[in-house]
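Protein chains in written order, with the working numbering: chain A, 1 to 371; chain B, 1001 to 1371.
Mixed in with the good hints, there may be bad ones.
Stated by the list, open to error - DSS-like mimics (lysine-lysine), calculated; alpha carbons at most 27 Å apart, straight line:
#, chain 1, residue 1, chain 2, residue 2
1, A, Lys87, B, Lys1087
2, A, Lys265, B, Lys1088
3, B, Lys1265, A, Lys88
4, A, Lys265, B, Lys1087
5, A, Lys265, A, Lys153
6, B, Lys1153, B, Lys1193
7, B, Lys1265, B, Lys1153
8, A, Lys153, A, Lys193
9, A, Lys193, B, Lys1193
What the hints assert, rightly or not - On the chain A side, residues computed to face chain B include the following (Cβ under 7 Å):
#, residue
10, Gly63
11, Arg64
12, Gly109
13, Asp110
14, Thr112
15, Thr113
16, Ala115
17, Tyr117
18, Pro131
19, Gly180
20, Ser184
21, Arg187
22, Lys193
Don't read these hints as lab results, they were simulated from the structure. Quantities reported herein were computed from a predicted structural model and do not represent experimental measurements. Note that CB positions come from ideal geometry on N, CA and C, so glycine has one too.
2 protein chains.
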Amino acid sequence: MTHPTEPFPFSTRLARLRVRLAEADADAVVVTELNNIRYVTGFAGSAGILVVSATACQLLIDGRYEEIVREGQRLGVIAPATVIRVKKYDATLLEVLAAGGWRRVVFEGDHTTVAQYSRWVAGVPHVELTPIYDWVESGRIIKDAAELTILRKAGRLLSAVAQSLGQWVAVGRTEREVAGDIDSAIRRAGFEKPAFDTIVATGLNSAYPHARPTDRTIAKGDLVLLDFGGVLEGYCVDLTRMAGAGRVAADGQALYLAVREAQDKAIAAVHPGCLTTEVDWAARQVLEQHQLGSAFVHGTGHGLGLDVHEAPRVGPGDPSEAIRLESGMVVTIEPGAYVVGLGGVRLEDDVLVTAEGQEVLTNAPLDLLIV
Amino acid sequence: MTHPTEPFPFSTRLARLRVRLAEADADAVVVTELNNIRYVTGFAGSAGILVVSATACQLLIDGRYEEIVREGQRLGVIAPATVIRVKKYDATLLEVLAAGGWRRVVFEGDHTTVAQYSRWVAGVPHVELTPIYDWVESGRIIKDAAELTILRKAGRLLSAVAQSLGQWVAVGRTEREVAGDIDSAIRRAGFEKPAFDTIVATGLNSAYPHARPTDRTIAKGDLVLLDFGGVLEGYCVDLTRMAGAGRVAADGQALYLAVREAQDKAIAAVHPGCLTTEVDWAARQVLEQHQLGSAFVHGTGHGLGLDVHEAPRVGPGDPSEAIRLESGMVVTIEPGAYVVGLGGVRLEDDVLVTAEGQEVLTNAPLDLLIV
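Given these sequences and hints, build the entire structure.
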């Protein structure tokens, strides 16, 4: 049990949920998404259910977590919810719902399966069960001071890992070996773990945006795409840099320069009030100008927080469905271009939307690292 | 793109799904669980939807995966499904459902959210949408020859990693350092990645079954719980061993001996026709005899396969809801006992149910490793 850098405002987060309850005229909300539970309570297990009413806050956990939660509550790193030990989650939840005497209960429609919903409806037929959406996520999308302290630190630590890439990327080494070195360095840097499966894609493999590390050895002239992240106190950061094994051919260099220009323009576009589609377009327009529009096969970025992919998505689409950036949002900016038979390039940084514009949380050199 | 050890029988798996369709008198099934999609098609991305009818097999993927799927199909490691590139999954799925001209479509009730279901119902109101359960999982629970080849190999490789634990566990080293060494060794052994966050819990921390590695340093007399796993060609294996830093006190040794006896009895109980609750009871009974029944706060084990926790669950409960073991099932056997203020012990091996009884896939020494 480690202490966070500064305390999370659990009571504020809980109060916001109760505002929603009151606005929706509902008696209780069932929170099933684990990182939503973590956000509201600090509990970070692999199973659990949170039930919040105007007067109660009940955390359903199984025996594996009982002691760790009580200890966390003593230390103040887990919110003072009423702990209810379950044997079977659905059965205990139904008991809690019945005991609450509630008539209108809402649940997370994005995080409840049709199977769960069916069992609940059958179990408490007198309770009106209604899906709600984004109640917790709408809070998570704006990072508070405690979260920003962690994300800033995480951005610096991950950038420091990136500064060492030149020690690991070398002709004759395999993608898998390099990925292993990066993962070890992520832990040594103080992260709990990598935020996702590290991508090391070399030569023609780099044309596949989500390639997995193989036993391919790096050869002279290869483009090398390195995409990795770390989790610090639950919060995820994410970085992509490019290396070249000796002299990279002119078409590979052109790809790199186009993506770099696209990333630069997209970062500059980040400011409060801007639509996510506008940020995406800032990158996409550059790549289209370089005849690489169809080579940019994914969105420009995604939100970062307790999830490595969370709101807001920064991608193309209908502006009426886009999200307007606000101060406190943290997103990746990671345009890429992938050409089968040639290779691929992606550059990724983590960017905080500030009142004035943007603050880049990752500060590793962007230059093509020649090894 | 690596070749599997031997080809997976994708056509058999697809045919089994079509038998289910015919039995249920349904026109098409929508598969949304990613490892179910992987099982049927070999596609292992982080997003995708599979739609299977009597005559069609359509794999919906986004641009990130298009080239890698086509390459996989050329190599025969991805089933010859019709690839449909999507921009938005729900929108394209609704187009596919409408174009199919189907009247009765079933979907995975355990892997479809209320939000998805609501959108589908609104999008294709003339289609009757009905949840189904375990159609793919009921095949996955019995491992075929290709899967057993991988799981046997993975069990040997993970056991070899365990043989090296003595190199890393030492007085003065932190839990986090030891976990990092184990993770590196898992990759060096040939695994794609750890199967879950490695647990290294020392001293009093070992009393928390799902403790996360901290910066606590190992001290003389500590019990050290080491729980780690690896993913090989998508398949997960999982192992727990115990170490002692020098002389472990008598109460810690007694805990170890009780858990070892419980594990031994539970492994011996594994045979075809046996109920999962009977296997659990074999372990639980031993711990109850040692007055450690309430210290055994979790189930005895879980199935292994593409998921590190899958069916069958081996735990206590109503025998009428238990699963009868069949040849080809692979489960962990991992009883434990956790005493706050003293420490915890867990021992875990991976066991294949055979026609004759059981085959233990992991073969690392079970003795308390004294370092």
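Violated hints - listed by number, lowest first: 1
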